[in-house]
Amino acid sequence: MARGWFVTLEGIEGSGKSTQAALLGQELRARGNQAVVTREPGGTRAGESIRTIFLDSSISLELGTELLLVLADRAQHVREKLRPALDNGLVVISDRFCDSTIAYQGYGRGLDLTMLRELNSFASNGITPDLTIVLDCPPEIGLARTEKRAERATRVRDRFESEPIEFHRRVREGFRMIARHEPSRIVLLDSTRGPAEVSAEILRLVLQRTAATR
Numbered sequence: 013m014a015r016g017w018f019v020t021l022e023g024i025e026g027s028g029k030s031t032q033a034a035l036l037g038q039e040l041r042a043r044g045n046q047a048v049v050t051r052e053p054g055g056t057r058a059g060e061s062i063r064t065i066f067l068d069s070s071i072s073l074e075l076g077t078e079l080l081l082v083l084a085d086r087a088q089h090v091r092e093k094l095r096p097a098l099d100n101g102l103v104v105i106s107d108r109f110c111d112s113t114i115a116y117q118g119y120g121r122g123l124d125l126t127m128l129r130e131l132n133s134f135a136s137n138g139i140t141p142d143l144t145i146v147l148d149c150p151p152e153i154g155l156a157r158t159e160k161r162a163e164r165a166t167r168v169r170d171r172f173e174s175e176p177i178e179f180h181r182r183v184r185e186g187f188r189m190i191a192r193h194e195p196s197r198i199v200l201l202d203s204t205r206g207p208a209e210v211s212a213e214i215l216r217l218v219l220q221r222t223a224a225t226r
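The sequence shown maps to residues 13 to 226 in our numbering.
Each hint should be verified, as a subset may be incorrect.
[To be verified] If you anchor each label on the Cβ, the simulated ranges turn out as follows:
no., residue 1, residue 2, range
1, Ser-196, Glu-152, 14 to 22 angstroms
2, Ala-208, Gly-138, 19 to 27 angstroms
3, Gly-76, Pro-176, 15 to 23 angstroms
4, Glu-178, Met-127, 20 to 28 angstroms
5, Gly-76, Glu-209, 36 to 44 angstroms
6, Ser-133, Arg-15, 29 to 37 angstroms
7, Glu-159, Phe-134, 20 to 28 angstroms
8, Arg-164, Gly-76, 17 to 25 angstroms
9, Gln-46, Thr-140, 16 to 24 angstroms
10, Ala-165, Glu-130, 31 to 39 angstroms
11, Arg-164, Met-127, 13 to 21 angstroms
12, Ala-212, Glu-92, 29 to 37 angstroms
[Unchecked claim] The calculated lysine to aspartate or glutamate pairs, modelled on EDC-like cross-linking and capped at a C-alpha distance of 16 angstroms, are:
no., residue 1, residue 2
13, Lys-93, Asp-68
14, Lys-160, Glu-178
15, Lys-93, Glu-78
These are calculated hints, taken from the structure and not from any lab test.
Virtual Cβ for every residue (Gly too), placed ideally from N, Cα, C.
Please construct the entire structure, taking both the sequences and the accompanying hints into account.
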């Protein structure tokens, strides 16, 4: 059986990743593909428990603890869900993967990038996305979206939504730097447009890339 195809969606808070991951999964399944939509942190039973702690702004975490939590989540996610799905020939769509660790804990928090890449390599067990789409928008727009979302859900802002605007600017620049360094894997898309327009462009990219590699 042919190996599956791995797509990741990345971006700052409020960039539209979760919405677009769900839409992409729906579109691919409608075309007869076996597609799995998952997320980090999360995607497994252990991962969802880690996610609760990781995002809870009322729980104080040291930087090292924050990093190790997301790496533990990734190691579990890869071995329990991503690797089996790809080995069975499925299309896997993940809302966040290794690039988020570089952008958030590296560019955002200031941890050593070389160390993070080595730890990512260990946690991901050699899995690399075939295509990564970075949904790019100014932090002011993204945070305004998360504020509205939190109000609708009557919840408090999570750990990262609560960070100052300067943090989100660093994270955005981190994603843009990563995209510049790996243009063959990563495509930067303007996500300030309407969801339908962004969704159509993502689908076009995925169908184009999968047709070229299969």
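Verification of the hints:
{"no.": "1", "hint": "Ser-196 with Glu-152: 14 to 22 angstroms", "in the structure": "violated, 31 angstroms"}
{"no.": "2", "hint": "Ala-208 with Gly-138: 19 to 27 angstroms", "in the structure": "violated, 36 angstroms"}
{"no.": "3", "hint": "Gly-76 with Pro-176: 15 to 23 angstroms", "in the structure": "holds, 21 angstroms"}
{"no.": "4", "hint": "Glu-178 with Met-127: 20 to 28 angstroms", "in the structure": "holds, 23 angstroms"}
{"no.": "5", "hint": "Gly-76 with Glu-209: 36 to 44 angstroms", "in the structure": "holds, 41 angstroms"}
{"no.": "6", "hint": "Ser-133 with Arg-15: 29 to 37 angstroms", "in the structure": "violated, 19 angstroms"}
{"no.": "7", "hint": "Glu-159 with Phe-134: 20 to 28 angstroms", "in the structure": "violated, 36 angstroms"}
{"no.": "8", "hint": "Arg-164 with Gly-76: 17 to 25 angstroms", "in the structure": "violated, 34 angstroms"}
{"no.": "9", "hint": "Gln-46 with Thr-140: 16 to 24 angstroms", "in the structure": "holds, 21 angstroms"}
{"no.": "10", "hint": "Ala-165 with Glu-130: 31 to 39 angstroms", "in the structure": "holds, 37 angstroms"}
{"no.": "11", "hint": "Arg-164 with Met-127: 13 to 21 angstroms", "in the structure": "violated, 38 angstroms"}
{"no.": "12", "hint": "Ala-212 with Glu-92: 29 to 37 angstroms", "in the structure": "holds, 32 angstroms"}
{"no.": "13", "hint": "Lys-93 with Asp-68", "in the structure": "violated, 24 angstroms"}
{"no.": "14", "hint": "Lys-160 with Glu-178", "in the structure": "violated, 20 angstroms"}
{"no.": "15", "hint": "Lys-93 with Glu-78", "in the structure": "violated, 22 angstroms"}
Of the numbered hints listed earlier, those contradicted by the structure are 1, 2, 6, 7, 8, 11, 13, 14, 15.
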